[in-house]
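**Student:** For reference, the chains in residue letters:
Number of protein chains: 4
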Amino acid sequence: MEASLPDPEVGRLLVSCPDGPGIVAAISGFLLARGANIVQSDQQTTDPVGGRFFLRIVFRMPELTTWLPALEEEFGAEVAERFGMSFRMRAASVPTRVALFVSRYDHCLLDLLWRWRRGELPIDVVQVVSNHPDLQKEVATFDVPYAHIPVTRDTKPEAERQQAELLDGRVDLVVLARYMQVLTGGFLERIGVPAINIHHSFLPAFAGAGPYEQAKTRGVKLVGATAHYVTEDLDEGPIIEQDVARISHRDRVADITRRGADVERTVLARAVRWHCEDRVLLDGHSTIVF
Amino acid sequence: MEASLPDPEVGRLLVSCPDGPGIVAAISGFLLARGANIVQSDQQTTDPVGGRFFLRIVFRMPELTTWLPALEEEFGAEVAERFGMSFRMRAASVPTRVALFVSRYDHCLLDLLWRWRRGELPIDVVQVVSNHPDLQKEVATFDVPYAHIPVTRDTKPEAERQQAELLDGRVDLVVLARYMQVLTGGFLERIGVPAINIHHSFLPAFAGAGPYEQAKTRGVKLVGATAHYVTEDLDEGPIIEQDVARISHRDRVADITRRGADVERTVLARAVRWHCEDRVLLDGHSTIVF
Amino acid sequence: MEASLPDPEVGRLLVSCPDGPGIVAAISGFLLARGANIVQSDQQTTDPVGGRFFLRIVFRMPELTTWLPALEEEFGAEVAERFGMSFRMRAASVPTRVALFVSRYDHCLLDLLWRWRRGELPIDVVQVVSNHPDLQKEVATFDVPYAHIPVTRDTKPEAERQQAELLDGRVDLVVLARYMQVLTGGFLERIGVPAINIHHSFLPAFAGAGPYEQAKTRGVKLVGATAHYVTEDLDEGPIIEQDVARISHRDRVADITRRGADVERTVLARAVRWHCEDRVLLDGHSTIVF
Amino acid sequence: MEASLPDPEVGRLLVSCPDGPGIVAAISGFLLARGANIVQSDQQTTDPVGGRFFLRIVFRMPELTTWLPALEEEFGAEVAERFGMSFRMRAASVPTRVALFVSRYDHCLLDLLWRWRRGELPIDVVQVVSNHPDLQKEVATFDVPYAHIPVTRDTKPEAERQQAELLDGRVDLVVLARYMQVLTGGFLERIGVPAINIHHSFLPAFAGAGPYEQAKTRGVKLVGATAHYVTEDLDEGPIIEQDVARISHRDRVADITRRGADVERTVLARAVRWHCEDRVLLDGHSTIVF
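Chains as they are written, first to last, in full-length UniProt numbering: chain A, 1 to 290; chain B, 1 to 290; chain C, 1 to 290; chain D, 1 to 290.
Chain A on its own, in the form it takes in the complex (with noise of 0.2 Å):
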């Protein structure tokens, strides 16, 4: 169960842009001609006609870290600009910095310490935010820095940007993991980087409070969790994961909450992964998961 290590020669690359002819070929005549091999490779397109490119490339390259500089410079110049794509170039031993926030749920933070811990997530916990005291002693154990910003109604904008202050440079992905507060569009964009949140899901859905509660009532068979990216309309972001766990007439509110958690917390665990692997693509209110 040793985590391997990551391999300092391989890079990725994301690509997206309108479809047309030619762009598998300059792209990887691009790669071709630096020198670097394409390990892995997934590309899509939504429509045949008039429809948009979506490309992951897995590449390895000599001395990647060194040349990557130039090497998305390069790119940019030379075919990005030509086919107006958005491109993303990346060294895979580079961890993903990320910021934590949470409120009294401890059981998806856990998980994804827990996790980064053992070396299973390609992540570096800087921080954890929270607008509670009780989760900062079992932080601690982990060595990541606790801030407890309260969060009021009246005290939201100044919050907001102490969290932003504190934030600044220092992250490449906000996890929203259980964090009960709403973020503004406005935090959002001062922060400039994703933010991924975890929210429970039924089928059907149920709207307002008491979730589990509503679901018992209806006799609910799968209770589920979403993972999506955070837009300024809560819970309405592209989605990245979702799963279900199966209850019965059995299970009261407590164990439905208890299975519930269970699915947040893989789903959530899961959508950060596939992120900080460069495996998510936007398609407008979609997502691309190669």
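It is worth saying that the hints were derived from the structure and are not from the lab.
Treat the hints with caution; some may be incorrect.
No copy is singled out in the list; a pair is fine if it fits within one copy or between any two copies.
[Unchecked claim] Calculated lysine to aspartate or glutamate pairs in the EDC-like style (CA-CA distance at most 20 Å, straight line):
(1) K216 x D233
(2) K156 x E232
(3) K216 x D255
(4) K216 x D251
(5) K216 x D47
(6) K216 x E236
(7) K216 x D283
(8) K137 x D106
(9) K156 x E189
Knowing the structure of chain A, use the given hints to seat chains B, C and D on it.
**Tutor:** Below, chains B, C and D alone, put in the same frame as chain A:
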């Protein structure tokens, strides 16, 4: 894969009543005194204080079919009345008489007919009812009468009258196998037997037309189906069974629809089986599935 | 996510005996006469003719913990003897005392300790036993004593003697949370409590060393885990729970191992929970899981 | 639920070869020069050093069916030879010609015939072959010729000769839909097309007769099925797909068998679909399923 022959000595008893002391003792004493041996039983009380008692017993009794009417009457007089019970007593060897309602999609209908012919379901399909003529020929190969009763907004009351007349006293269960018309409360009352419906479900839910298109747009990763008893509020009745299938960005709307159809027929077949094996009890708006 | 406090009035009765008339009536009469109310019960007879009877009853009784010893004795004398029953009667509020055995892989151990601390499991972890010192520090954060007892071929008898002495009378269950030593029949007999083991499983099975490598070579699409009671034949005892996770050609052996580990800890936690909730009865080499 | 019409401009290219620099560039350059637009592609290299390269490309090209033979030849001469490639190039609109072999169990056979008729599978069933006459009438309703060729130990060589003669040049794939005879290596070589088989699978495996009975005895909680390519070692060929279904102590051997049959037909249908969509590549004894 031979269907096992139903055993004429096997009976099933379903009971629900307000909880209180002595119920199990009274029921088991009643059965013991008649030489009926309990083969399997499941019991659940929803709340230790002021809750409801639910019981399903499978028992064996020589010459059951001969004694069943008397047994039922005696149970009503000696046990059920005393505890304020609703109960149902049936010989397991008697198949449930079923009418299948369908519109144009054939996947649920054919799956049920096929499983029935293979001896997988303890049912007898006595009638197919459709508001379209499309599936007539297909159904004919199963030797089941097909009633084509068109329904428009204006003719609905008359159509429901015809349907009810056709089924009057001939069926124990109505299954809506993708029947795209809402049944009125008046119709449900008149036929006087339960009805089971199947519909697609998502995490989160998508209201309105084109749910599979909406799911695609949102990047949903699971499609599901819910089988439930029909109440006047369509798609809101007590849930019997649910399941999901995984989809990905590669799936076009046609693929998602196909996978959704696969889940629908599986879930509906399971719900029908469980109902006909007397496994499902109503608990308010919820179900107990033993 | 608070753990619900165990209710001191709730008891559980497990019964197995040769089937015959009057068993349920006798048991329910016994409980009724003592003012015990049956909250939930599951009963199964394996074969209508000459089969075996299995029963699990959850009941409520005022001042249960005071009366339990007398209740147990009276049940033995008045009911159990008459029908040749094996039975177990317990207060649900008394946690099962557990010893965890582990070698070097920490995932199953930590998952159990973590769930225990969160109040998710009705257990009390009283001892960790390991043939390696590696996990000592980790376990210390849970305030559980860690006994490092090395095992070699030569020292095994002496090591098992030490282990048995250490546990003598202190535990109700031994859990092998990835303990890579075979327990001898003599040891199992001496400790006199059940032991649960977890091991990886595949469709088809792969014998010998490096099962994940073998699975990769064969292109296996699912990895699984099986939790079972330990018998002298390692990995051949009665199965309590199994589950699988999906893998693909993209997964390297390290990925497959990680996903296998995830299934192992989930399946083991479920098996331990079910055992400690008195849900598992032995039926020869098989199990009944109510 | 209409089957989408196959698009005559869509082609698929499958490639496998030793890995090395410039492969993707060469292939994409070749397609670009012919006006073929890459719609989807998946590429995998098994090992960064000395590994094998696997690629599946879906492309669109006007008048594909006219140009395909020339395209294939040119690709062979200009690209494939240079990199030592095995490759396959096909028009997606041309259905795979399939022969179904069956003995007495009908569930896999009927599921495939049914999905084919519904337009769910890109195949053309040209022949059913059976060593028993039982399913003749059933198959007739699908307008597929049924060849009853009995097989005994003595007549096996002659039977295989008849089968091979019957199929000679008429099929692209043989599917063993619960055909209980082992195909000899000589037969496989003579027909010269791949064969897919389905068989039940368990965690752990049960060798010998009555696997479902053995599973029951051991208290198994999951039954599964494995679809694989047929090699001379029966049930040992490269795995295409696997799945499982959950069972419990309540399921009798007949129930377990039924659930096993459900998994078998689902898994086989998926494997056949993926093969016929050119998603499956052989990697030694393993498979890449794109």
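**Student:** Could you run down the list of hints and mark each one as holding or not?
**Tutor:** Right, here's what the structure says about each hint:
For the homomeric pair K216 and D233, the shortest alpha-carbon distance between copies (19 Å) is at most 20 Å, but the shortest distance inside one copy (27 Å) is not. In this assembly of identical chains, K156 and E232 lie within 20 Å of each other by CA distance solely inside one copy; the values are 15 Å within and 45 Å between copies. In this assembly of identical chains, K216 and D255 lie within 20 Å of each other by CA distance solely inside one copy; the values are 10 Å within and 29 Å between copies. Proximity of K216 to D251 under the C-alpha cut-off of 20 Å is restricted to the intra-copy arrangement: shortest distance 8 Å within a copy versus 27 Å between copies.
Taking the shortest alpha-carbon separations for K216 and D47, only the inter-copy value of 13 Å comes in at or below 20 Å, while the best intra-copy value is 42 Å. Taking the shortest Cα distances, K216 and E236 sit within 20 Å of each other only across copies (14 Å), while inside one copy they are farther apart (24 Å). In this assembly of identical chains, K216 and D283 lie within 20 Å of each other by CA distance solely across copies; the values are 11 Å between and 35 Å within a copy. Taking identical chains as interchangeable, the C-alpha atoms of K137 and D106 lie at most 20 Å apart only when both belong to the same chain, with a minimum of 12 Å there against 22 Å between chains.
When the C-alpha separation of K156 and E189 is checked against a cutoff of 20 Å, the pair qualifies only within one copy, where the shortest distance is 16 Å, while the shortest distance between copies is 54 Å.
Every hint from the earlier list agrees with this structure, and none is contradicted.
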